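> The primary structure of each chain is shown beneath.
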Amino acid sequence: MKNLKNLILLFGIAMFMASCTDLEENLTGDVTSDITIPSTGASAPEPVPTSGPLDAAYGQLRGAGTANHGSYYSLQELSSDEMLIGAKGGDWFDGGILIELHRHTYTPGHAFVNNAWTGTYGAINTVNELLAGGTLDADNEAQAKVLRAYLYMRLMDLYGNVKIITEPGQNSPQVSSSEVFDFCEAEILSALGVSEIASGLDVGGSALGADPTQFKVNRFGALGILAKLYLNAEVWKGAAMYDKAAIASQYIIDNGGYTLCDDASCSVQNLGKRAGVDSDPDNLTGYAAVFAPNNYDNPEHIFSVYYNEAAAGGMNFSQMNLHYSSQFTWNFDAQPWNGYSTVEDFYNSYEDGDARKTNNFIVGPQLDFSGSAVLDYASDDDDIQLNYTPAINELEPNHRREAGARPAKFSFKQFGRPDMDNDYPIIRLGQVHLIHAEAVARDAGDWNQALTDVNMLRMRAGVSPYTSIDADEFLAERGREMFQEGSRRTDLIRFGKFNDAWWEKPASMPFVNIFPIPQEQITAAGDLTQNPGY
Amino acid sequence: MKSVVLMTVFALITTVSFAQRTISGTVTDAENGDPLIGATVVVKGASQGTITDFDGKYSLDVPGEGAVLEFSYTGYSAKTMTVGADNTIDIALSAGTLLDEVVVVGYGSQSQKEITSAVTSVSAEEFNKGPISDPAQLLQGKVAGLQVYNRGGDPNGNTTIRLRGISTIGSNAAPLVVVDGIIGASLDNVDPNDIESMDILKDGSAAAIYGSRGSSGVILITTKKGSKNQKPTLSYNGQLGTATPVNGIDVMTADEFVAAGGTDLGSNTNWLDEVTRTGVTNVHSLALSGGSAGTSYRVSGNLRDVKGILKNSGFTQFNTRVNINTRAFNDKLKVDFNSSFTDKKQDFGFNEALRYAVLYNPTAPVMGADSPFPFASEQFGGFFESLGLFDSFNPVSIVEQNRRDGTRREFNFGANFGYNILDNLTANVRISRERKTFSGEEYYPVTSLFRGGATSPSRKGQANFYDEEANTQLFEAYGTYLADLGSSTSLTFTAGYSYQQNNFENKFFSLGDFPNDSLDWSNQISASQDLNNAGLIGAGSSSTPDEKIIAFFGRANATINNAIFLNASVRREGSTKLGANNRWGIFPAFGVGVDLNEYLNIDALDLFKVRLGYGVTGSLPTQNGLSQPLRSVVNAADGGVTTALIRGGNEDLKWEQKAETNLGVEVASDRFGATLDLYNRNIKDFILEVLVDASVEGFDRQFQNAGSLTTRGAELSLDYDVVEGDNFNYNTGIVLSTYSTTLDDFVDSLNVRGNLGAPGQNGTNMLLVKVGEEIGQIWGPVYAGPDAEGNPTFEDLNGDGTVIAAADKALDPDADFQVLGSGIPTLEFGWSNQLDFNGWSVNAFFRGAVGHSLVNTYRAFYEPIVATQSSYNFVNTELAEPGLTNARFSSLYVEKANYLKLDNLTIARSFPLKDVNAISNLNISLTGRNLLVLTNYTGTDPEPSLSDVGDAGNGSVPGAVDNPDPLVPGIDRRNNYFASRVITLGVSFDF
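Going down the list, the protein sequences come from chains E and L.
Start counting the first sequence at 67; every next residue gets the next number (the numbering used here).
Start counting the second sequence at 1459; every next residue gets the next number (the numbering used here).
Read the hints as simulated data drawn from the structure, not as lab findings.
A few of these clues could be false.
[What the hints assert, rightly or not] Using 20 Å as the maximum straight-line C-alpha spacing, the simulated SDA-like pairs for lysine to any residue come out as follows: (1) K2267(L) with N597(E); (2) K2112(L) with E90(E); (3) K1803(L) with G1826(L); (4) K2372(L) with I2382(L); (5) K1965(L) with L93(E); (6) K2142(L) with I2044(L); (7) K2267(L) with P598(E); (8) K2267(L) with M525(E); (9) K2228(L) with N597(E); (10) K2142(L) with E2056(L); (11) K2267(L) with N181(E); (12) K1790(L) with T1486(L); (13) K2267(L) with S2207(L); (14) K2112(L) with A2132(L); (15) K2228(L) with E586(E); (16) K339(E) with I2044(L); (17) K2142(L) with D2110(L).
As the structure is a computational prediction, the values presented were derived from the model and not from experiment.
Given the sequences, and given the hints that come with them, work out the whole structure.
So, in structure tokens, the structure goes:
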């Protein structure tokens, strides 16, 4: 090659403006740092809690599974002897996890066990972030700490041995139930401004308010949570503290200014009334009013979770409990799921005439808005009218579609949406009376000491007072009063009945009294130890 | 794109040699007169030689008169010429038979022989025939290792395209599409009739020049263009097709249903017949092309009207494309301009109608008036509805009453400016813009039970509105330098810069509660009562940040003695989608190829090439913002706003990357060609949402780089001209591919995925995901027959005396579970046959796959005679277990889905019509698609399901439609369209 012997090149030197190598990602459609805007005073569809810096924290109680399917509520109710979800042929088997809850054969892979864990810790993190922000005033800081203690109390109740995380992102080793108990106690006492609960208690120096704002923790709400903690101290801490539970609950009864909502004093419009059904009352009174859709100013509520069909969703009982066709009784926006029903023996523990039986359950042939029969074209019995029978043929595989009294304590309103309006009490005066009754009785070793409080509740329900009572009867009465309030599992454990055999459930081993630590969390964390037995 | 300054400095040094005589000229293609770039010119028996420049020109010193010059060009027949008196020798070379392909690679093209990576070119003649709207389906079965599946063939459905199996978990699994050099172009904006050829870059060494988006493969599309000096030609191509359902789901007839204990509602309805129809497809394409000496053009318009077999599903699409190629300044400047516009009006229809047609009571009447009991059907627009059932809707009412449609518009243009700075140095600048919009509407009238709330006294009727806009800008600049290193050895360098920016915005709103059935209230939403009711109007909007991809790249190709080929490339690329600490990545590649026949000189062979390539490519996540923390807004009812953390940030989030080694052997003779590719690919650092300690972080998920997998595979393509005659030709070809993928590392070492779903089988995960094992193992208990109560019993697989078969015990060491099948085929193949005789041609294309199984979910839910489901129809295949009255997932519902399809049979007759003035090149064809399916699978379509969209119950939409799970292959869900058989008459001619 003679001509072009060689070619040497210098390659392109390119000079670029800075913008042409700029890869900063400025997200326009997502929120990456906190925004807090105080109330604008905008009008709301019904009286609502005034907002404040703790909105997100209180809102997390709704998200943490308090009154919806698949998390905290489902674990508490379905593992107890009051509710179940049966497999209805092809419907609601779901890999057996619902049957497992009823029969106490749950495993670390159970989805609800994981959901309750992540939901509760998510709520705790929101509180931790607020506390870490350092901008809360004394009242709000005290509220945040009590709320966090309450969330840890739930975790202790469910899982026993958990991590106590108090700062966002700061790990801390898993501790025993006893230590979680101590943490909860100390946090609440500090918020109340006292060093211990003893006779002569005075929480006048608490940073917490005393005004009856049921959607925030005031000093009586904090005392109620503390009373519940002490009531279960024997289980959670391994040491009985019934005297303290009695003092705390007595203080609320004496000083809180709350009243038991009875028929004479307490009445709200019946929002579920059907135009064509004369027997539907115009108003809900007494016990029914405590849980009604319009219960937002009920005098019995001490600390409640605020729910609203539009602005504060998360209570789905109408969907969870009712048969598909019950849509026509209440003109629901959406078709229910036909899931939860009541264990027959539990339903039968109510005597006829008990106002709580009438309020807490839907049974019998169903009528629609205009008074005509609600039909179930897919009925699996001979009668095409939808008819809820308290008797349930079997748990699985073919629980009849119409079988089972349906939980309806938080009553439904006409034209209801999938999310309900009823506010859900965490602490209410009726419950405080039960804590007081039990604490006094156990402390004295005499169940008849419980009679005064228990009979107040029985009289409100329109049933005759007891003249004497024992532990079993007390537990049954507590169950009747507290049905559907997420309390039964804890109560059965405290009374040593959780492992008993009941309908379609053999006796279970004591290790199931706390749930397994979710397997997913053990894998993700690396430093969590599984609870014994799993 | 902000301003950019590109300065390129070149220096050129030449040494002038002592010459006796200089011969110069141009080497061109004999067929179209285009210059051949890089053709070799040597003096026979001497050492002198050169190669042609970008204009096909050469200049060579020769010893003197009588010297013999040899002109050769890969893929062309060589020619020799004796030097005479003239100092100018122009020569035109003719393409050879087998090796004439010029293959488009990134930022340039190479002859087939020079390629050192696994690249497959498919030209228009080889495309699948018939009225195909989706360009990817033109390739179905044609390219070894390329999987193209649209299960059921939904005309508006998404085609799953996979190259060499699973290429990513968590990132964008769709291949990168490059249309006429425009990276990331939309496949939807290309009409199949406008495509000249497609090149598929299969391995890492080929795709690495595209960097972060090359891992899922690259499809390069070249559209048709006009030729220089071509008189204007108007071409017409028309197709008329009819489609009929080919394979439904076997269900009970009304009589069988009643005999099985079903609720008798007195009628006899074949619901599948009620919701399907004969689909009709019309395609008309018109193209005008031509050119002068400097400019060529092609303008085309395509109209497609497709009516699917499901009533009220289909689309009407208009597409136009303009290509103009021109030269100026003594041919130094080349400008290629192309633009296309697509307007597609889509009726999505409701696949749910097919699902409910399967499970709806066959004794139920279509209309309420035929109900056996008093039924207030006005509420439902006259239709019957079985009320009080979960997941049950009158399918005819679904298709007749509801509307789900939209208009998609895509517009793009691209201009490429190429300038020959020197004979062997060009600079290119490419600018393109693409704009895609979609506007969709759904309307469910007040009388529709399905999503319309007909039973809700408070809130009937629902209207949903969707509005999307995507914009892409691309700027690229690169230079190519051709170095001549003497005796038939050449070196090509390419280097450049690429800037791409994507923006996407969407808006959505939904509202309902309309007055009555007198109007389609989606056009009068001011009547919605939701406007008076807080919280019922659904609304959402999002906007992506400026999503940028910026790259610098370079490549060198060397050809030594026309026998040894070397390629090396590197791309440094950055993306906004990654963590601040790891935005930039480097993607190198290297390849070497040797034509052994240049040394072995086996007479029977034209080519015996062995090549080895290695390359690293990346994958980007589909979403933006994964490296940043995410918070949700909590609105208080009285106007306060706070937020809660729902996902953590990760500043270290980096590229997912794939390293691939490919060994290929190519053998070609006059009539026979074979290509074998063996590859090993390792993919690591998937971008996945990983569980973190919820107790500490407060959120339980964060995006991290986690996991790796290895895929090994082999691909074989064979092509043989069985008969080559004057009047009769028969060519046959086969492509085979096989691969297996092992999960080496993952966030969970052991997991089950793929929930069966409602009714009643939630928490039933059917796919095993286990580190160290293959992907796609269907996992479950083995069915052992019904017990006395009709419940299924299962095998005691471990022989421990207890059967543990509960779904949530799937991973229990004592559980009686085993692998029930693989969701991924072991072998996929395509077999094409082309016969030509006397103007007739017959094209038969078979396609199949073996070794994969499918979970037939229709059977898993509806085949057992469950008492509480007596108001739904029962699926009734030959595999039905008569005594079974309880539905539980097991091996009973996992079916082998081996199949062989006669995918395409075309008989065509062409008439040159040379002596007719009006028209010429008349071609008439008859095509049948999906004519024959040989399979034992009882579902509607045995094709593999490569990923999973999840389950949908009670009228809802599956959760993962936009982000299907690639670790869950093998589930045949209930939301698929049903397969159809299409017969098409086609006519084409030129004016």
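> All the hints need checking, so say for each whether the structure fits it.
Consistency of the hints with the structure:
1. Using a Cα cut-off of 20 Å, the hinted pair K2267(L) and N597(E) holds, with the two alpha carbons roughly 18 Å apart.
2. For a cut-off of 20 Å, the pair hint linking K2112(L) to E90(E) stands: about 14 Å separates their Cα positions.
3. In summary, the hint linking K1803(L) to G1826(L) is not supported, as the alpha carbons are separated by about 33 Å, beyond the 20 Å threshold.
4. In summary, the hint linking K2372(L) to I2382(L) is supported, as the alpha carbons are separated by about 16 Å, within the 20 Å threshold.
5. Between the alpha carbons of K1965(L) and L93(E) the distance comes to roughly 16 Å, so the proposed pair stays at or under 20 Å and holds.
6. About 15 Å separates the Cα atoms of K2142(L) and I2044(L), which keeps this hinted pair within 20 Å; it holds.
7. Proposed proximity of K2267(L) and P598(E) is supported: the alpha carbons are some 18 Å apart, at most 20 Å.
8. Under the criterion of a C-alpha separation no larger than 20 Å, the hint pairing K2267(L) with M525(E) is inconsistent with the structure, at around 48 Å.
9. Between the alpha carbons of K2228(L) and N597(E) the distance comes to roughly 25 Å, so the proposed pair goes past 20 Å and is violated.
10. The suggested pairing of K2142(L) with E2056(L) is violated, with an alpha-carbon distance near 39 Å, which exceeds 20 Å.
11. Taken as a hint, the K2267(L) and N181(E) pair is honoured in the structure, with Cα atoms around 18 Å apart against an allowance of 20 Å.
12. Our distance criterion of 20 Å between C-alpha atoms is met by K1790(L) and T1486(L), whose separation comes to about 17 Å.
13. Our distance criterion of 20 Å between C-alpha atoms is met by K2267(L) and S2207(L), whose separation comes to about 16 Å.
14. Taking the CA atoms of K2112(L) and A2132(L), the gap is near 39 Å; set against the 20 Å cutoff, the hint is violated.
15. Pair hint K2228(L) plus E586(E) holds up; C-alpha atoms about 15 Å apart against a cutoff of 20 Å.
16. Proximity of K339(E) to I2044(L) is assessed by CA-CA distance (about 70 Å); at most 20 Å being required, the pair is judged violated.
17. Our distance criterion of 20 Å between C-alpha atoms is met by K2142(L) and D2110(L), whose separation comes to about 15 Å.
Violated hints, listed in ascending order, are 3, 8, 9, 10, 14 and 16; each of the other numbered hints is respected by the structure.
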